[in-house]
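Chemist: What follows is the residue order along each chain.
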Amino acid sequence: MSQLFARNVTLFSPVQKIGAAVLWLIAEIGRLALFTAKVGRSMGLNYRGASGSLSSQMLFVGVGSVPIVLLTALFTGGVLALQSYHGLSGGPLANTQVGRLVALSMLRELGPVLAGLMLASRVGAAIAAELGTMRVTEQIDALVTLATNPYRYLVLPRILACLFMLPMLVILANTVGIFGGWMVAVHSLGLDGSLFMSAVFSGITNEDLIMGLVKAATFGLMVGLMATYHGFHAGNGAAGVGTATTRAVVYSAVAILITDYFITAVFV
Amino acid sequence: MAQAPAILLDNLHLAFGSKVVLRGANLQVATGQTQVILGGSGSGKSVLLRCVLGLLQPDQGQVTVLGHRPTLQQPTEHAALMAKCGMLFQNSALFDSMTVWENVAFTLIQQRTTLAAAKKIALEKLGMVGLAARVADIYPAELSGGMKKRVALARAICGNPSLVLYDEPTTGLDPITADVINDLILKLQKELRCTSVVITHDMHSAFKVADRIAFLYEGRFLTEGPVATFKNSSNPYVRQFVEGRADGPIALQN
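Protein chains in written order, with my numbering: chain G, 1 to 268; chain X, 1001 to 1254.
These are computed hints drawn from the structure, not numbers from a lab. You can take every hint at face value.
Calculated lysine to aspartate or glutamate pairs in the EDC-like style (CA-CA distance at most 20 Å, straight line):
1. X:Lys1208 with X:Glu1191
2. X:Lys1148 with X:Asp1174
3. X:Lys1148 with X:Glu1124
4. G:Lys38 with X:Glu1077
5. X:Lys1045 with G:Asp141
6. X:Lys1148 with G:Glu138
7. X:Lys1045 with X:Asp1211
8. X:Lys1045 with G:Glu138
9. X:Lys1187 with X:Asp1211
10. X:Lys1084 with G:Asp141
11. X:Lys1148 with X:Asp1183
12. X:Lys1148 with G:Asp141
13. X:Lys1208 with X:Glu1168
14. X:Lys1120 with X:Glu1191
15. X:Lys1190 with X:Glu1124
16. X:Lys1208 with X:Asp1174
17. X:Lys1231 with X:Glu1243
Let the sequences and hints guide you as you build the complete structure.
Modeler: Written out as structure tokens, the structure is:
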């Protein structure tokens, strides 16, 4: 008891706190890597339920997220048009530049990032809560005792669904975002619609689209990994599921924003 | 030496941080026996069972189950071992997204037995635990606690296991349902000719189903032997537990 007490006292030292946080972060990255390796190793297995699960997860992750992602994209495109018009002081350049700015910002940045963040909050939370509940009610242990690999049966379909479906969602988001920008440009800012569209198509290249889709796939993988990892390792009881869900969403969002910087830096 | 023991626990130690749970647990469970492991709350019973299943690795010591080391580090070997084991979880742990028969036939369905054949086997197993075919198509949430236990038991025995583990099978059930479960344990033992390990703190259940009883206290076994020997044991810890007294050498944890 006295030993425990002494350890608690020394933990108040700020240097030790920083050290403990760094150690925790390194350990957490290690655990995530091990988790990923276990998922990867399970790929060779095949269960009837797992393949059915992949299609139903793709439906949930992809089709189910369409409304919220499109709504977000539509208004983002509109805001981009307003902001770039304002940035160009509404001058003569506006007709030829607003479309270009909207399209570039959507394709390279806002399409993947916002769709990724929406995926994290809608799908990441749901996956973490579902797997967390299965963990605390011993359903994951039950899977193991029924000779079924939970990484293959539960985790892999969910990660793959996020990985495949986010790029699809981003393509839709880009299209609708540019449409939102066009609506605002033409009907609110009084710009020429055909000039706007020609600015869109002359402004973007294949590289912009590819960069956006690489981001989307990476963010999808991040969300899938973070959500399944935290759900799979949920602590005890209802509080454990709650913590796992919060962590899944927060860490997904943080991971999206950090990797976004690095992918952009590589491509630019 | 006739046959290798179904389960061999050799000097198991396990701690979670500063909380020591197992302190040198040794146990042999002979093939075909019903071994009851008795112990109070927090004595390490469930942790011990998780070690047997390979869900936890002991810090020290060895677990041998049906001649294999259960470890999740080798998922393929572990799955092969699990195919020979059945586990009844304390809270049943049924898959709530599946119907009763899909739960029972889970492994068969995953291994691509035709659905009709899988359902037929599931109904047969439900019959073995005394459940009518009409429960097959409903979801676990609609069942009572006792029925969930029986469905979970049907699922555990679906692969005709040679080892069945029960984690507190009668806890939380009314006395009559609890006795139905006791009878089922005895009946399945006869029909499957399997080795059974029952973890419980229910003395009535223990005396009814056991061939041998081991008493787990603070992470190690104090006594192990046939039921009659256990009943007449003079060990003060065992006496206190059997008689269910608050005063004695076993202090309540606080």
